[in-house]
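Novice: For the record, the sequence lines run as chains A and B.
Take 0 as the starting number for the first sequence in numbering that gives the first Met the number 0 and just add one per residue.
Take 0 as the starting number for the second sequence in numbering that gives the first Met the number 0 and just add one per residue.
Please note: incorrect hints may appear among the correct ones.
Said to hold, decoys possible - Each computed DMTMM-like pair below joins lysine to aspartate or glutamate, with the alpha-carbon atoms no more than 20 Å apart:
(1) LYS45(A) - GLU566(B)
(2) LYS45(A) - GLU207(A)
(3) LYS604(B) - ASP311(B)
(4) LYS122(B) - GLU173(B)
(5) LYS25(A) - ASP42(A)
(6) LYS49(A) - GLU566(B)
Unchecked claim - Pairwise CB distance ranges, derived in the manner of DEER restraints:
(7) ALA600(B) - VAL264(A): 49 to 57 Å
(8) GLY438(B) - TYR3(A): 16 to 24 Å
(9) VAL607(B) - SER271(A): 53 to 61 Å
(10) GLY438(B) - LEU27(A): 25 to 33 Å
(11) ARG302(A) - PRO612(B): 54 to 62 Å
(12) PRO606(B) - VAL52(A): 41 to 49 Å
Read the hints as simulated data drawn from the structure, not as lab findings.
Just so it is clear, CB atoms sit at the ideal spot from N, CA and C, and this is done for glycine as well.
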Amino acid sequence: MIEYGVHVLLVVLFPLLMLGVIGRVKALFAGRQGPRLLQPYFDVWKLLHKGAVYSTTTSWTFRAAPIVSLATLLTAALLLPLASGSAPLAFSGDIIVFAYLLGLGRFVTMIAALDTGSSFEGMGASREAAFAALAEPALLLALAIVCVSASAISFHEVYAALPWGSWGVPHPEILVAVVVIFGVLLAETSRVPVDDPATHLELTMIHEVMVLDHSGPDLALIHCGSALKLFLFAALLVHLLVPFPTDSLWLGALVLCTGALSIAVLVGVVESSMARLRLVQVPQFLVGASVLAAIGLLVVIVRGAQ
Amino acid sequence: MIWPFALAMAIQLASGIAALLFRRSNRVALAIGSAGSFIASLIGVTAAGQLLLSGGSAVAAMPWQLPVGELLVGVDALSAFFLLCIYLVSGLSAVYAAGYFGDPSDSKAVAPKAVAPKAVAPKAVAPMVFSFALLVVSMAGITLARDGVLFLVAWELMSISGFFLVTFEHERQEVRSAGTVYLIASHVGVVLLLILFMLLAQHGGGFSFAAITAAGAPGPYLANACFILALVGFGTKAGFWSLHTWLPEAHPAAPSHISATMSGVMIKLGIYGVLRVLSFLGPPPLWWSVSVIGLGVVSGVLGVLHALAQHDLKRLLAYHSVENIGIIAIGIGVGLLGQSTGAPVVALLGYAGALLHTLNHGLFKGLLFHGAGSVLHATGTKSLDELGGLGRTMPITAVTFLIGSAAISGLPPLNGFISELLIYLGAFRGAAVLQSEAGQSPGTVAALAVIPALALIGGLAAACFVKAYGTIFLGHPRTAACDGAADPPPGMRLPMIIGAALCVAIGIWPAAALRLVERPASLIIGGAEPLPPLGQFVAAIPLVALVLVAVVIGLIGLRYALMRNREVAVGPTWGCGYEAPSSRMQYTAASFAEPVLEPFAVALKRPVHADLPKGYFPAAANYEQHAVDVIAEYVLAPASFGLLSALRKIRVIQTGHMQLYLGFILMTIVVLLVWYLPGGGG
């Protein structure tokens with residue numbers, strides 16, 4: 000019971016801290032002092048206490064989307080092991096359900112963007128659709144690498160079959176999967192070099208323009224959702240890379256949080272040291288990730304055939 | 000066990016003939032036809048469902064004799080499953096048709112402004128009602144046939160009744176040409192099926208399926224030949240890529256409930272044919288599975304890409320049929336892979352996924368075509384860029400269409416996800432099993448290729464349906480066509496609501512639907528060892544769905560509590576400072592699809608005809624782009640022109656002079672006489 004409690008607490012409280020860390024790292028690189036580490040919490044708190052503005056064009060779809068989108072991420076969060084080796088909802092095939100729940104969240108966000116009837120949001124939705132269609136194969140290929148290496152189709156079996164250090168000699172392809180998942184993380188959580196979360200009104204951005212018309216509590220839910228998505232991908236990476244104590248829940252939580260924050264720092268470094276790709280190059284980035292994952296899978300096949 | 004189906008077929012046929020007798024009154028003809036189809040569907044669905052749950056099979060000989068032997072009918076789990084799909088979808092479509100062609104005053108009563116159905120010409124519908132009954136009866140006949148002759152007769156009846164349905168609005172030139180394309184494609188397929196069944200009959204010593212089965216698995220050459228003939232012959236009906244060109248012509252031409260039935264079940268009989276013939280051919284070699292998976296992947300990806308490039312709603316849906324047939328083929332390929340590598344659980348997951356997707360596609364594609372028909376009924380157009388904002392005026396159509404859209408995109412917690420999940424599980428399991436065995440690399444690669452392909456197809460399908468739903472139902476109306484649009488009369492609403500409800504029900508509680516596919520899947524796999532129950536693979540889905548719904552409800556409560564005493568301002572969508580936005584400035588379907596299609600320029604030809612603005616004070620400008628079906632344009636068109644010009648050379652003998660023709664006859668007789676003279680009349 001207590002591990003479920005820790006799981007839920009992590010999901011609810013931790014993700015926004017990652018946004019704070021990314022902000023600080025970027026500020027550090029820019030030579031600014033930067034916002035407080037807890038600034039995202041204050042932002043969400045403030046938004047939760049505001050009223051809302053709705054466009055006359057929008058319908059119930061627009062109001063439902065932030066809720067459904069966050070709900071898909073919260074449900075997905077229950078499928079992913081966090082502080083321990085297994086999740087509250089663990090079953091054979093949970094990896095696929097996880098990936099498709101993220102897809103559902105994206106679907107409703109795009110629908111809500113089109114509900115405003117604005118070209119800006121239509122443009123954002125269209126780009127999101129284009130890049131998501133290419134990110135999805137990359138993510139599933141990366142997950143296929145770990146699944147085939149571990150001969151399992153659920154997170155807890157995979158983690159159990161790939162103990163600490165197995166990305167060294169026995170399963171070097173895990174490192175390929177990690178690189179690909181990090182690339183998908185950057186694309187899915189709308190980070191540089193795919194998207195720029197800092198711009199709000201330029202023709203270059205994707206995710207932020209889709210949620211342009213959301214305000215108040217709706218926007219707070221959306222912010223929580225994007226932070227949670229970042230946290231989920233980070234947790235996935237941490238579990239593949241770092242040893243997890245099977246006996247101590249608190250140590251596991253500590254490892255996870257440290258790992259997730261390190262990934263937040265890494266994302267901050269990438270955002271500070273890279274320019275955003277031109278839009279036409281984003282598909283190349285994502286297809287490149289798929290190709291890399293396919294090479295990783297070839298390694299698995301060749302090793303199995305020997 | 001066969002009599003309920005015989006009864007259903009008799010009722011349906013009788014209602015079709017009765018509709019012809021009462022052809023003077025459209026209302027009466029429709030009422031009789033739809034009632035007959037509905038009753039037949041009730042009987043058919045009940046009987047098929049019972050048979051699938053309880054098991055069992057039966058064969059009966061028909062009492063008359065033909066030169067080719069007696070006609071055999073029978074039913075087993077595979078037949079029963081396809082009968083279930085046929086009667087479910089056709090029953091919903093029959094109810095829909097009653098509303099669609101019913102008295103126009105129905106729609107006036109609902110619409111605030113008097114809107115006559117602009118798309119439907121007031122013409123005699125009795126021939127269509129009869130053809131629809133004949134189509135359903137012949138489809139049922141195909142699944143019940145237990146010998147090749149009856150099978151082919153029913154197949155031909157299905158194709159021809161389909162032709163009369165496609166050409167219902169034959170006043171329009173494009174409908175007539177669509178009908179011709181459909182007829183030619185059907186008959187090219189039938190030629191191959193004829194050869195296929197003659198080969199099988201030669202092998203089995205008779206056309207009856209029992210004889211063919213009893214003769215045992217044919218040798219490798221014959222088996223391979225039969226496999227290719229079945230794949231191409233049945234694939235023409237199913238609409239595998241490169242054999243699909245009739246689909247995007249015929250589906251938009253037919254009335255919507257016909258499109259729903261044709262796309263929802265008729266093309267699936269191609270899948271039935273492939274599965275039935277595979278059961279005669281013995282254990283499959285690996286290359287069959289690799290080629291079926293390859294065909295499925297190509298159909299899936301190219302089908303959805305072409306769908307994205309369409310601006311006509313029904314054409315878009317037709318290309319999605321190609322995509323979904325691709326997904327079904329991928330499932331069959333995974334099933335074959337499991338069979339050829341001795342992994343029965345992989346085979347079970349693959350075939351179960353393929354069969355469930357057959358049912359699912361019937362449900363959501365039927366729903367989507369019915370939705371498209373309602374939009375056409377209300378606005379008179381199916382061009383995406385003339386629509387918009389219909390979600391306000393047609394709320395029921397919008398919600399059901401949205402459920403269908405999410406289901407066809409394979410999103411949880413809806414039925415499309417369940418069938419794709421089974422195929423994924425089969426592929427993952429197959430790859431994991433095979434990669435550790437020596438010499439199984441081709442099989443492993445095939446299994447692994449399924450994973451990114453399904454992901455890509457799902458992502459592109461989601462993009463396509465966001466585009467379609469967003470352009471039709473969200474935002475502002477783009478043209479006056481949307482004025483006064485309203486939800487269709489109850490007769491049309493009900494099938495959409497039932498379809499959407501079934502999509503949700505199978506998605507949330509898949510174990511029940513999987514009990515229906517369990518027996519047919521194990522029938523295809525054969526083998527003595529018992530297979531694990533399918534329910535275990537999706538046991539956690541209801542819980543996940545429940546959690547999702549609970550979280551949504553919780554968040555709705557939270558939002559309600561937060562917003563209770565808050566100020567909510569309402570205003571126009573922010574136009575970034577622009578003061579006079581018009582509805583034409585909304586993002587169009589074409590703009591939405593552009594960045595999605597751009598990376599796939601290699602696979603999709605989209606020629607541009609542009610007259611771009613020139614100079615400092617540009618006058619009118621023009622930009623047109625349309626997607627070209629590569630197969631139709633660059634393969635079939637040159638091929639048929641080549642064939643025609645070759646045949647034209649023979650036409651020199653056709654001069655129109657009677658004397659010359661008589662001369663030809665005389666010459667033929669003389670030649671024959673000369674031939675036979677030396678042999679002495681041998």
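Novice: Please go over all the hints and tell whether each is borne out by the structure.
Specialist: Going down the list of hints, with the structure as the test:
1. LYS45(A) - GLU566(B): Distance ~15 Å between LYS45(A) and GLU566(B) Cα, so the pair holds.
2. LYS45(A) - GLU207(A): Distance of about 19 Å is within 20 Å: holds.
3. LYS604(B) - ASP311(B): Holds - the C-alpha atoms of ASP311(B) and LYS604(B) are around 17 Å apart, at most 20 Å.
4. LYS122(B) - GLU173(B): Distance ~18 Å between LYS122(B) and GLU173(B) Cα, so the pair holds.
5. LYS25(A) - ASP42(A): holds (18 Å)
6. LYS49(A) - GLU566(B): Since the Cα atoms of LYS49(A) and GLU566(B) sit roughly 8 Å apart, the hinted pair holds (cutoff 20 Å).
7. ALA600(B) - VAL264(A): 49 to 57 Å: Hint violated: Cβ distance 39 Å, outside 49 to 57 Å.
8. GLY438(B) - TYR3(A): 16 to 24 Å: violated (46 Å)
9. VAL607(B) - SER271(A): 53 to 61 Å: At 40 Å between Cβs, range violated.
10. GLY438(B) - LEU27(A): 25 to 33 Å: Violated - the Cβ-Cβ distance for GLY438(B) and LEU27(A), about 55 Å, lies outside 25 to 33 Å.
11. ARG302(A) - PRO612(B): 54 to 62 Å: holds (58 Å)
12. PRO606(B) - VAL52(A): 41 to 49 Å: At roughly 44 Å between Cβ atoms, VAL52(A) and PRO606(B) fall inside 41 to 49 Å, so the hint holds.
Hints 7, 8, 9 and 10, counting from the list given before, are not met by this structure.
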